[in-house]
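Asks: Sequence:
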Amino acid sequence: MTEADPGMDRDRSAGDVGAHRATVGTPAGAESDETTGTRDKAGDAMATARDKAGDMADTAKDKAGEVAATAKDTAAAAKDKAGELAATAKDKAGEMAVAAKDTAAAATDKAGEVADAAATEAKKRPILVMAAVGTIVALVVRRLLKRKR
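Each residue of the sequence shown is one higher than the last, beginning at 1 in my numbering.
These aren't lab readings, by the way, just hints derived from the structure by calculation. Being a predicted model, the structure only gives us computed values, none of them experimental. Accuracy of the hints is not assured; some may be wrong.
Okay, the calculated beta carbon distance ranges per label pair [said to hold, decoys possible]:
1) 132 x 84: 34 to 44 Å
2) 106 x 146: 35 to 45 Å
3) 88 x 142: 49 to 59 Å
4) 53 x 89: 32 to 42 Å
Cross-link-like lysine to aspartate or glutamate pairs, in silico, EDC-like; alpha carbons within 20 Å at most [as the list claims (entries may be wrong)]:
5) 79 x 62
6) 72 x 91
7) 41 x 51
8) 63 x 80
9) 52 x 40
10) 52 x 62
11) 90 x 80
12) 81 x 91
13) 61 x 80
14) 61 x 51
15) 101 x 113
16) 92 x 102
17) 63 x 73
18) 72 x 62
19) 123 x 113
20) 110 x 121
21) 79 x 95
22) 90 x 102
23) 92 x 73
24) 63 x 51
For every residue, glycine included, the Cβ atom is placed at its ideal position computed from N, Cα and C.
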């Protein structure tokens, strides 16, 4: 016996002392049934959790495959659309180049006509041409002098 536990004897283990006189860790009476039921429920819950985890993993794998396939299809569609847009842009650029060439040719023809008219007018009035050339030369010289400052 000890002061802390007067019912303890040195020949017995701590589990044998007390009202039930049972070894520590062994269930007694109704307690053993509850423990067994709890263990069974825990085992069932764990098996259910494993099954659900497997199902979720399979579902996630399937979804990932679907997303990858969709992304691949979308990328292919985008590539096709880009090809179509490039072809359309090339066609439009060709059309605009032809239109610009036509416009430039028309402008050249018009400029030639204006130049011919100006030359004809210059032959009639040489003093007017000399004054225009003098004015242009004066403007150019003035501009060059301003740039040097």
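Asks: Take the hints in turn and mark each one as holding or not.
Replies: Right, here's what the structure says about each hint:
At roughly 55 Å, the beta carbons of residue 132 and residue 84 sit outside the given window of 34 to 44 Å. Taking the beta carbon of each, residue 106 and residue 146 are about 37 Å apart, inside 35 to 45 Å as hinted. A hinted range of 49 to 59 Å for the beta carbons of residue 88 and residue 142 is consistent with their spacing of about 51 Å. The given range of 32 to 42 Å is broken by residue 53 and residue 89, whose C-beta atoms sit roughly 52 Å from each other.
This hinted pair does not check out: residue 79 and residue 62 have alpha carbons roughly 26 Å apart, beyond 20 Å. With a CA separation close to 29 Å, the supplied pair residue 72 and residue 91 exceeds the 20 Å bound. For the hint pairing residue 41 with residue 51, the CA-to-CA distance comes to about 15 Å; that is within 20 Å, so the pair holds. Distance restraint check for residue 63 and residue 80: the Cα-Cα separation of roughly 26 Å exceeds the 20 Å cut-off, and the hinted pair is therefore not satisfied.
This hinted pair checks out: residue 52 and residue 40 have alpha carbons roughly 18 Å apart, not beyond 20 Å. For a cut-off of 20 Å, the pair hint linking residue 52 to residue 62 stands: about 15 Å separates their Cα positions. Between the alpha carbons of residue 90 and residue 80 the distance comes to roughly 15 Å, so the proposed pair stays at or under 20 Å and holds. Taking the CA atoms of residue 81 and residue 91, the gap is about 15 Å. The hint holds against a cut of 20 Å.
For the hint pairing residue 61 with residue 80, the CA-to-CA distance comes to about 29 Å; that exceeds 20 Å, so the pair is violated. Using a Cα cut-off of 20 Å, the hinted pair residue 61 and residue 51 holds, with the two alpha carbons roughly 15 Å apart. Note on residue 101 and residue 113: the hinted pairing holds, with a Cα-Cα distance of about 18 Å set against a maximum of 20 Å. At most 20 Å may separate the alpha-carbon atoms for a hinted pair to count; residue 92 and residue 102 meet this at roughly 15 Å.
In summary, the hint linking residue 63 to residue 73 is supported, as the alpha carbons are separated by about 15 Å, within the 20 Å threshold. With a CA separation close to 15 Å, the supplied pair residue 72 and residue 62 stays within the 20 Å bound. The suggested pairing of residue 123 with residue 113 holds, with an alpha-carbon distance near 15 Å, which does not exceed 20 Å. Between the alpha carbons of residue 110 and residue 121 the distance comes to roughly 16 Å, so the proposed pair stays at or under 20 Å and holds.
Restraint check for residue 79 and residue 95: not satisfied, since their Cα atoms lie roughly 24 Å apart, outside the 20 Å limit. Proposed proximity of residue 90 and residue 102 is supported: the alpha carbons are some 18 Å apart, at most 20 Å. Note on residue 92 and residue 73: the hinted pairing is violated, with a Cα-Cα distance of about 28 Å set against a maximum of 20 Å. With a C-alpha separation of about 18 Å, the suggested pair residue 63 and residue 51 falls inside the 20 Å cut-off, and the hint holds.
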